[in-house]
Amino acid sequence: MSLKELIERCKSQDTKAQGELYSRFASKLFSVCLKYSRNYTEAEDNLQDAFLTIFKKVHQYQNKGAFEGWLKRIVINTVLQRYRKEKVFDIVNENTTEAEEVEIEETPVSLDFLLEIIQKLPDRYRLVFNLYVLDGYSHKEIADMLDISEGTSKSNLSRARQILKKDIETHNTSVKINA
Amino acid sequence: MSDKKHIDRLFQESFKDFEAQPDDAVWKRIEAKLDKKKKRRVIPIWWQYAGVAALLALLLSLGYSYFNTEELPEQNRIVNEEQNNMPQKSTESSQDGNNTITPQTSEDLLPENNLTEEQKIASENNAENKQMNTSDNQKTNRNEANTKRVNSQKAPANTSAIATNEKMKTSSEDSDYSANSVEEQKIQKDSKTILKNNTKAESSAVAINKQSETSEEADKNSALAINNTKDKNIQKQDAALVIAENNPKNKKSIEDAINDINTTREKEEDDGLNRWSIAANAAPVYFNSLGPGSAIDAQFNGNSKTGELNMSYGISASYALNKKLRVRSGVNKVSLGYKTNDVVVFQSAGINYTTSKLAFVSKPQPANFSGLGSADNTTFTSATTINSVRPESATSNAAIDQTFGYIEIPLELEYALLSKRFGIRVIGGFSTLFLSNNAVYTESEAGRTYLGEANNMNNTSYSGNFGLGFSYGVSKKLDLNIEPLLKYQFNSFNRTAGEFQPFFIGVYTGLSIKF
Numbered sequence: 001m002s003l004k005e006l007i008e009r010c011k012s013q014d015t016k017a018q019g020e021l022y023s024r025f026a027s028k029l030f031s032v033c034l035k036y037s038r039n040y041t042e043a044e045d046n047l048q049d050a051f052l053t054i055f056k057k058v059h060q061y062q063n064k065g066a067f068e069g070w071l072k073r074i075v076i077n078t079v080l081q082r083y084r085k086e087k088v089f090d091i092v093n094e095n096t097t098e099a100e101e102v103e104i105e106e107t108p109v110s111l112d113f114l115l116e117i118i119q120k121l122p123d124r125y126r127l128v129f130n131l132y133v134l135d136g137y138s139h140k141e142i143a144d145m146l147d148i149s150e151g152t153s154k155s156n157l158s159r160a161r162q163i164l165k166k167d168i169e170t171h172n173t174s175v176k177i178n179a
Numbered sequence: 001m002s003d004k005k006h007i008d009r010l011f012q013e014s015f016k017d018f019e020a021q022p023d024d025a026v027w028k029r030i031e032a033k034l035d036k037k038k039k040r041r042v043i044p045i046w047w048q049y050a051g052v053a054a055l056l057a058l059l060l061s062l063g064y065s066y067f068n069t070e071e072l073p074e075q076n077r078i079v080n081e082e083q084n085n086m087p088q089k090s091t092e093s094s095q096d097g098n099n100t101i102t103p104q105t106s107e108d109l110l111p112e113n114n115l116t117e118e119q120k121i122a123s124e125n126n127a128e129n130k131q132m133n134t135s136d137n138q139k140t141n142r143n144e145a146n147t148k149r150v151n152s153q154k155a156p157a158n159t160s161a162i163a164t165n166e167k168m169k170t171s172s173e174d175s176d177y178s179a180n181s182v183e184e185q186k187i188q189k190d191s192k193t194i195l196k197n198n199t200k201a202e203s204s205a206v207a208i209n210k211q212s213e214t215s216e217e218a219d220k221n222s223a224l225a226i227n228n229t230k231d232k233n234i235q236k237q238d239a240a241l242v243i244a245e246n247n248p249k250n251k252k253s254i255e256d257a258i259n260d261i262n263t264t265r266e267k268e269e270d271d272g273l274n275r276w277s278i279a280a281n282a283a284p285v286y287f288n289s290l291g292p293g294s295a296i297d298a299q300f301n302g303n304s305k306t307g308e309l310n311m312s313y314g315i316s317a318s319y320a321l322n323k324k325l326r327v328r329s330g331v332n333k334v335s336l337g338y339k340t341n342d343v344v345v346f347q348s349a350g351i352n353y354t355t356s357k358l359a360f361v362s363k364p365q366p367a368n369f370s371g372l373g374s375a376d377n378t379t380f381t382s383a384t385t386i387n388s389v390r391p392e393s394a395t396s397n398a399a400i401d402q403t404f405g406y407i408e409i410p411l412e413l414e415y416a417l418l419s420k421r422f423g424i425r426v427i428g429g430f431s432t433l434f435l436s437n438n439a440v441y442t443e444s445e446a447g448r449t450y451l452g453e454a455n456n457m458n459n460t461s462y463s464g465n466f467g468l469g470f471s472y473g474v475s476k477k478l479d480l481n482i483e484p485l486l487k488y489q490f491n492s493f494n495r496t497a498g499e500f501q502p503f504f505i506g507v508y509t510g511l512s513i514k515f
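Residue numbers (full-length UniProt numbering), protein chains in the order written: chain U, 1 to 179; chain H, 1 to 515.
I should point out that these hints are in silico values taken from the structure, not numbers from a laboratory.
There may be inaccurate statements among the hints.
[Unchecked claim] To give a feel for the contact side, a few chain H residues facing chain U, derived at Cβ under 10 Å:
1) K5
2) K33
3) K514
We put the beta carbon where it would ideally sit given N, CA and C, even for glycine.
All chains, please: the whole structure from these sequences, using the hints.
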């Protein structure tokens, strides 16, 4: 079954087609959920909510642009809706941290560990880091999406980088010591 | 330090081809929610049809019993009387208690039936009210006070009693109940009633109408009295209000009952598939026929026929083939009957009318026969045809009452449209009917006389069944069922005069246990 056909059948609320759509895209979209969520359980919840939205709104998809991109945007929106409201009380100086170069030693780090430290970030740091670094949104877009200023987005990003860098360095040191 | 790299690149490279397979449970949950949504979308449409169908069936059967039996209106009357008594009782009880009644301003809670109270009752309340207010204002407890309202015409001797207009004026000024005081002032202005307070040991107070009242004035008074009763009810104690609120519930219509059931439909309960269930049921069954024919004699084709309301009861067992479909069977005992109206019965005194024999009724042995006399001499004629040759001994307004009973073995399929706590299903199938009772009577002012049994009934016949079933889960195992069913009989009669298509409707109610 072609993707186009599958989408059409999903539009008529065909249960089999919905199952097929899920099995085609679940793992890709679940990775997005994992990166954007606090933990595994919440990632599952977000995936579930996202798919329910997808099946509900699939008739709005006009075959313009990549279907996968459309799906991913719904997943991100679902996640944002959940975490956007969480307030982050950061008093970060927006200018001082901005230009800082964050470089780390190139040592192999496991994907699981990277995922773990991303999930541990405060909600908005995590969202900004994901949106900017991993999904290529601009600070302006992020500011609109999260209802914050561009400056806040930038400072959140650099705070996120610093936390992540520190986490990796601590991790690497402990690995070295153990080794 | 040469192999340093930007932290962004580390993450970008690591997550480039990141994919993660979610647990199967996630899809299960999504599927369940999608299912629920779909069902929700379907329900309202079905509800409308199902609701209308059920309502029609219920109304048909209940409406029939209402119009054809005299008992039901009587029951209604009893209920009304009870309702009328309630406010009275509460008035009395509030009088017995201390005068600590707090005014309740919510007029919405007033039972409307007070307005329809008989004048007498209202007048009594009026008197009681006045007594209440007066004693209240005087800040004296007259717990055992008796109040009577006497027309001066009837007791002119009492007119010597002191008129306490002034007293009432002051007391009404002190009154907390402005509504009442206004009315009392009205009464004073009209000088129609004078309240006499007897402060003797018995503490009985007598309200006397001093001046002779015309009936018109009496009417006015009673109108005021009704108003007073209204105010009285405002002051009613909470308990009395609860009773009053409960009363209208007695009058609940079928629609309300159905609404009640409807409200429970939101409740959802997931339960596993219990394959077997057994049920007991009882049903009022209403028999009638389509077409203008007669199962008794051709001459009655044009006569009106009235179905009778009888009972059916039985047990059944059902087996679930899958989540939607159940097959069921059982045994029911069902009694049916109908009347052929406008029959003239007379004794033909030796003259043999051609109409004296009923085509489809076999007469019993003479020994069993009593009542109108010799069987051969008793003649039945449709009232529509006899006018010209009506014998003097004719008993008109008679009816021929045909009754029969069956042992019914149904075989039916149930298809579930909704199987939550509240369930709806469509039921279709057929029944095998074994004739168990068969008798024909004549009914007139003279009484009920056995005529014999119908000779045109098949011992075994069949019916096609169709209807709806509603169930409500009392517990996980126990369901309450209401099933309005139409059963169309195919071959109950082997010979009929004209078109006579019998059917019966039953509202089968009962409990079923799943296991």
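Which hints from the list above does the structure break, by number from lowest to highest? 3
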